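Just need the whole structure built from these sequences, with the hints factored in.
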Amino acid sequence: MSKRVHFSSTNRVYSPVPGTPSPSASTSSLPSSPDLPTPPPELDIDDPSQYPRSPYPHNLNFDHLFPEFEVDKEMHVHACLAYDPFSQPAVAHDLSVPIAHVREQYPLFSLQEPATQPPLQSLIVICPDFLPWDIHIKSSAVHPDAYVSVDDVVTTIYKELRLPVHHIEYQGLGPDKYAVDAAYFARLSRIENQQQRDQEASKGVKRVDFLRGRNRFLGLCVTPRGNDVWELNVS
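If you count the sequence shown from 1, you need to add 35 to reach our numbering.
Just so you know, these hints were derived from the structure itself, not from any lab. Among the clues, some could well be false.
[As the list claims (entries may be wrong)] Once the Cα atoms are required to be at most 30 Å apart in a straight line, the calculated DSS-like pairs of lysine-lysine come out as:
1. LYS194 <-> LYS173
2. LYS173 <-> LYS241
3. LYS238 <-> LYS194
4. LYS194 <-> LYS241
5. LYS238 <-> LYS173
[As the list claims (entries may be wrong)] Pair ranges (Cβ atoms, derived):
6. ALA135 <-> ILE159: 36 to 42 Å
7. LEU143 <-> ILE226: 23 to 29 Å
8. ASP169 <-> LEU223: 25 to 31 Å
The model shown is predicted, which means the values in this text are computed figures rather than measured ones. Backbone N, C-alpha and C define an ideal beta-carbon position, used for all residues, glycine too.
Given below as structure tokens:
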């Protein structure tokens, strides 16, 4: 019996001053592939201070990518979240593992620091090569001067990638659906406890599976959509 999937410009960086505290019923199935598991059936889901400059030796110039676009020269992204195509990320965590494990990889004080400088009350993260959804991030604090923190970014990305995928979104993948299937089963295979694995399997394909196995967080970089829209880079 075959496996089945179930449905339910310039990148500017700032480095803070050290030590600052701071699926259910199925109606149809898609055809099987001889090399990959059977794609999932359709389902209906109700979608319910002053900071020093970059720690890197140079500003990362993306002007050749967006020659017509000019970003506010004073907007910087936190060093723990910054994408640098010329070096390893400050914190390269796995986007598919529980958020508690991710937080352990960040310096404790940095999690509560602003994700950007100047701070923003909200921002959007996109990943156009893999995710058809924008990730909207707001400050988890409620006071008037609240800002999006490093923890807000890390936590919201994790939560958004854990949302289930609707069958219409899945069917729109075309040939890429087989890579998504493979990512789904690979994610399940990493769960050692059988009961937990079965429970996770019953929740179906999730948005993280749309990364098609590219679960390594490489950081955020600027986009032509404005200072409050940042692109998620993965590998």
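We went through each hint and held it up to the structure:
{"no.": "1", "hint": "LYS194 <-> LYS173", "result": "13 Å, holds"}
{"no.": "2", "hint": "LYS173 <-> LYS241", "result": "22 Å, holds"}
{"no.": "3", "hint": "LYS238 <-> LYS194", "result": "14 Å, holds"}
{"no.": "4", "hint": "LYS194 <-> LYS241", "result": "11 Å, holds"}
{"no.": "5", "hint": "LYS238 <-> LYS173", "result": "26 Å, holds"}
{"no.": "6", "hint": "ALA135 <-> ILE159: 36 to 42 Å", "result": "25 Å, violated"}
{"no.": "7", "hint": "LEU143 <-> ILE226: 23 to 29 Å", "result": "28 Å, holds"}
{"no.": "8", "hint": "ASP169 <-> LEU223: 25 to 31 Å", "result": "27 Å, holds"}
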